[in-house]
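Engineer: One letter stands for each residue in the lines below.
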Amino acid sequence: MRETQAERGVRRLVLAGALAFGLVAGGGAAWAFWVTTGQATGSSVKSGTLDLTVNGQAVGTGQPFTLTGLQPAAGFFPGTTAAVLLTLGNAGTTPLHVTSGTLNVTGTLAAQYTTRVVLWGGVVSGTTCTGGSATPPTTTLAPNATETVCVEVGLSATAPDSQGQTATATVTFQVSQ
Amino acid sequence: MTRSAPLIRPLAAATLGFMAALLAVSGLLGAGPAQAFWTDTAAGSQTLTAGTVPAPSLSCPTPTLGNNHVATWTPPSGVTVTGYQAVLTGSPSPTPWQPVGAGTPGATIIGGTFTFAPGTTQAVWGVQGPGLLSLGVTYNGTFTVQTIVGQPGTAWFSAAATVNWQIVFGLAGVGVSVSCG
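Line by line, the protein sequences are chains A and B.
Numbering-wise (the working numbering), the first sequence opens with residue 216 and increments by one.
Numbering-wise (the working numbering), the second sequence opens with residue 1083 and increments by one.
Simulated from the structure, these hints should not be mistaken for lab results.
All C-beta atoms in this analysis are idealised placements derived from N, C-alpha and C, irrespective of residue type, glycine included.
Be aware that a few hints might be false.
[Said to hold, decoys possible] Negatives, chain A to chain B, calculated, CB over 10 Å:
1. 326
2. 338
3. 349
4. 359
5. 363
[What the hints assert, rightly or not] Here are the in silico distance ranges between beta carbons for each label pair:
6. B:1233 <-> A:362: 51 to 61 Å
7. A:323 <-> B:1159: 57 to 67 Å
8. B:1129 <-> A:315: 41 to 51 Å
9. A:276 <-> B:1156: 20 to 30 Å
10. A:274 <-> B:1141: 36 to 46 Å
11. A:325 <-> B:1121: 21 to 31 Å
12. B:1157 <-> A:353: 40 to 50 Å
13. B:1195 <-> A:288: 26 to 36 Å
14. B:1156 <-> A:392: 29 to 39 Å
15. B:1162 <-> A:284: 41 to 51 Å
16. A:325 <-> B:1220: 50 to 60 Å
17. B:1159 <-> A:278: 12 to 22 Å
18. A:288 <-> B:1194: 17 to 27 Å
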């Protein structure tokens, strides 16, 4: 079974062909894999913002606003109420959902301010709030959109004589996505 | 049984490892939305100050015929008045004081404390005379009035507006008001 000269030649030819195919199929593909790099300039990725404003103030997360309009010129007397209309705005880039709006009164005379009203969509009528809803709207507030809320505070008609005493009213709104 | 026992331990370990990995992945997926949940809060405060009940503006009592005085006051503005409280004092004893006759405006009073309705803005008082007991006698005293705001029991009172008054009976028995302040 000694290999003849012809058979040896055929075998060498087959090996050479296989080697050539391997080079073409393997190395050829590697040579054909073009690689390039580039750098994009002038563009940036920016995240969205959620920002509630009140009367155009409180711009930025967690910022306060200046509350005015809840102090009668002559002061509070038994049965006196005061109301103010606040405008909530969405200064962010994503719709926001108002989750709560509260009116708290603190100070030595706080317990006598028994009238604490927050009416969504309500209006000021004299020194009180009318209309609207006591619960925040279920719909979201679109960017650049606004909605109004009426806030009223009042001293009890049976408040004991406390002339000149002070309390602090704080209105807080919370929103989320 | 003896041949399958060695397989239980690796299988249990593999199962526990798979569950641990699953829990870790689910934990990451669950924690993700909470961190991305944006919120904002805006708060504003204002000081609320209880007012001071203003006193009425009290004019000098006007002497009238019959030795009477008429005190007139102007209601204060900016508050809802629920009444007025007036106090009349005098010396000698207020006993001789008597209400003015019909036709004189205002509430007639004698010595003491009186409460008037919100619409009342005048009070009238007088002394008896002329008479033998009044000749040469000078009656004087004070009249004060306060604004009342609120309900009885918890009402707020203003400072008192006060005037001094005097009625002098001459020998002829004629009453003349000589001072007011």
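Engineer: Would you mind marking each hint as holding or not holding in the structure?
Structural biologist: Now for the hints, and whether the structure bears them out:
1. 326: For residue 326 of chain A, whose nearest Cβ neighbour in chain B is about 13 Å away, the distance exceeds 10 Å, so it holds.
2. 338: holds, 20 Å
3. 349: At about 19 Å from chain B, residue 349 of chain A clears the 10 Å cut-off, so the statement holds.
4. 359: Per Cβ check, residue 359 of chain A is outside 10 Å of chain B; nearest 15 Å; holds.
5. 363: Residue 363 of chain A is indeed farther than 10 Å from all Cβ atoms of chain B, at 15 Å.
6. B:1233 <-> A:362: 51 to 61 Å: Given about 38 Å between the Cβ atoms, the range is violated.
7. A:323 <-> B:1159: 57 to 67 Å: Since the Cβ atoms of residue 323 of chain A and residue 1159 of chain B sit about 28 Å apart, the hinted range of 57 to 67 Å is violated.
8. B:1129 <-> A:315: 41 to 51 Å: Roughly 23 Å apart at Cβ, these two residues miss the hinted range, so it is violated.
9. A:276 <-> B:1156: 20 to 30 Å: violated, 54 Å
10. A:274 <-> B:1141: 36 to 46 Å: Distance hint for residue 274 of chain A, residue 1141 of chain B is violated at roughly 55 Å.
11. A:325 <-> B:1121: 21 to 31 Å: Given about 27 Å between the Cβ atoms, the range holds.
12. B:1157 <-> A:353: 40 to 50 Å: About 49 Å separates the Cβ atoms of residue 1157 of chain B and residue 353 of chain A, which means 40 to 50 Å holds.
13. B:1195 <-> A:288: 26 to 36 Å: Between residue 1195 of chain B and residue 288 of chain A, where Cβ atoms are some 32 Å apart, the hint holds.
14. B:1156 <-> A:392: 29 to 39 Å: Hint violated: Cβ distance 59 Å, outside 29 to 39 Å.
15. B:1162 <-> A:284: 41 to 51 Å: Hint violated: Cβ distance 20 Å, outside 41 to 51 Å.
16. A:325 <-> B:1220: 50 to 60 Å: holds, 54 Å
17. B:1159 <-> A:278: 12 to 22 Å: Since the Cβ atoms of residue 1159 of chain B and residue 278 of chain A sit about 39 Å apart, the hinted range of 12 to 22 Å is violated.
18. A:288 <-> B:1194: 17 to 27 Å: violated, 36 Å
The structure fails hints 6, 7, 8, 9, 10, 14, 15, 17, 18 (numbered hints given earlier, in ascending order).
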